[in-house]
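Produce the complete structure using the sequences and hints provided.
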Amino acid sequence: MYFSVLKTTILLLASTILAYSIASGQSNKAKAKFDQGVVQNQMGLLVDASLLLTEAIETYPEYAEAYYQRGLSFNGMRQKKAAIKDLEQAIELQIDNIQAYLLLIRWYKSVEEFEKALVVTERIIEQLPDNTAGAYYDQGLIYDKTKEPKKALAAYKNALKHLDADLVEFKNLLEMRVQEIEANLK
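Our numbering applies: residue 136 is where the sequence shown begins, and numbers increase by one.
To be clear, the hints were calculated from the coordinates, so they are not data collected in a lab.
Please note: incorrect hints may appear among the correct ones.
Within a straight-line C-alpha distance of at most 25 Å, the following computed DSS-like cross-link-like pairs (lysine-lysine) qualify [said to hold, decoys possible]: (1) Lys220 - Lys164; (2) Lys166 - Lys220; (3) Lys280 - Lys321; (4) Lys280 - Lys292; (5) Lys280 - Lys251; (6) Lys306 - Lys292; (7) Lys251 - Lys292; (8) Lys280 - Lys306; (9) Lys244 - Lys285; (10) Lys292 - Lys244; (11) Lys244 - Lys286; (12) Lys286 - Lys306; (13) Lys292 - Lys321; (14) Lys215 - Lys244; (15) Lys321 - Lys286; (16) Lys296 - Lys321; (17) Lys251 - Lys220; (18) Lys285 - Lys296; (19) Lys215 - Lys321; (20) Lys282 - Lys306; (21) Lys282 - Lys321; (22) Lys292 - Lys282; (23) Lys244 - Lys216; (24) Lys244 - Lys280; (25) Lys251 - Lys286; (26) Lys282 - Lys296.
Laid out in structure tokens, this is it:
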């Protein structure tokens, strides 16, 4: 009985180690493909970059940064739908690269998909607390664009609450915008 339990424990331990080493090998392979893809992106070899990044994603489907980088490749190749899909996936995987969020917000705003842009700003607030002031500011800009002054005012006030103290010029700009909206609402 004792040897049966010991044998089972050893087999479980061995299978766990084997699974970890396989996963680690896949992770290393994904990282290598990712690194090569980033270099190709930087060199402007966008098709090659997208292929390498696709390999990284196939090896490790949860690789948020690879989706972002491939999105940049697709953007450079003027494949906007594919680029947006990759950026959305990167954000869904909770990428911590603020540039992915900002690029997606900019695209949504450019095609006037303001509701989607607002969803992305909410994701920033939830996932990247260091960028909360900027997300609220973007919300204010969107609400200004959609002619919703009360919501814009609330967003700008939230931005002010979360703003770093050393950003004095930006704080002054926001305070002026808040005063302007408040005056127009009277």
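A quick look at each hint next to the structure:
Restraint check for Lys220 and Lys164: the C-alpha separation of about 24 Å stays at or below 25 Å, so the hint holds. A threshold of 25 Å between alpha carbons decides the hint, and for Lys166 with Lys220 the separation of about 21 Å falls inside it, so the pair holds. Note on Lys280 and Lys321: the hinted pairing holds, with a Cα-Cα distance of about 20 Å set against a maximum of 25 Å. Our distance criterion of 25 Å between C-alpha atoms is met by Lys280 and Lys292, whose separation comes to about 17 Å.
Straight-line distance between C-alpha atoms of Lys280 and Lys251 comes to about 14 Å, which keeps the hinted pair within the 25 Å bound. With a C-alpha separation of about 10 Å, the suggested pair Lys306 and Lys292 falls inside the 25 Å cut-off, and the hint holds. The hinted pair formed by Lys251 and Lys292 meets the criterion: a straight-line CA distance of about 22 Å does not exceed 25 Å. The hinted pair formed by Lys280 and Lys306 meets the criterion: a straight-line CA distance of about 20 Å does not exceed 25 Å.
Pair hint Lys244 plus Lys285 holds up; C-alpha atoms about 19 Å apart against a cutoff of 25 Å. Of the supplied pair hints, the one linking Lys292 and Lys244 holds, its CA atoms being roughly 21 Å apart against a limit of 25 Å. A distance of roughly 17 Å separates the Cα atoms of Lys244 and Lys286; the hinted pair therefore holds under the 25 Å criterion. Restraint check for Lys286 and Lys306: the C-alpha separation of about 19 Å stays at or below 25 Å, so the hint holds.
As the CA atoms of Lys292 and Lys321 are separated by approximately 17 Å, the hinted pair is consistent with the 25 Å bound. Between the alpha carbons of Lys215 and Lys244 the distance comes to roughly 14 Å, so the proposed pair stays at or under 25 Å and holds. A hinted pair counts as satisfied when its Cα atoms are at most 25 Å apart, and Lys321 with Lys286 qualifies at roughly 15 Å. Straight-line distance between C-alpha atoms of Lys296 and Lys321 comes to about 23 Å, which keeps the hinted pair within the 25 Å bound.
A distance of roughly 13 Å separates the Cα atoms of Lys251 and Lys220; the hinted pair therefore holds under the 25 Å criterion. Between Lys285 and Lys296, the direct Cα distance comes to roughly 17 Å. Compliance with the 25 Å bound is thereby established for this hinted pair. For the hint linking Lys215 to Lys321, the alpha-carbon distance of about 42 Å lies beyond 25 Å, and the restraint is violated. Using a Cα cut-off of 25 Å, the hinted pair Lys282 and Lys306 holds, with the two alpha carbons roughly 22 Å apart.
For the hint linking Lys282 to Lys321, the alpha-carbon distance of about 16 Å falls within 25 Å, and the restraint holds. For the hint pairing Lys292 with Lys282, the CA-to-CA distance comes to about 17 Å; that is within 25 Å, so the pair holds. Proposed proximity of Lys244 and Lys216 is supported: the alpha carbons are some 15 Å apart, at most 25 Å. Between Lys244 and Lys280 the CA atoms are separated by roughly 9 Å; this keeps the pair inside 25 Å, and the hint holds.
About 16 Å separates the Cα atoms of Lys251 and Lys286, which keeps this hinted pair within 25 Å; it holds. For the proposed pair Lys282 and Lys296, the alpha carbon gap of about 23 Å is at most 25 Å, so the pair holds.
When the structure is compared with the earlier hints, a violation turns up for hint 19 alone.
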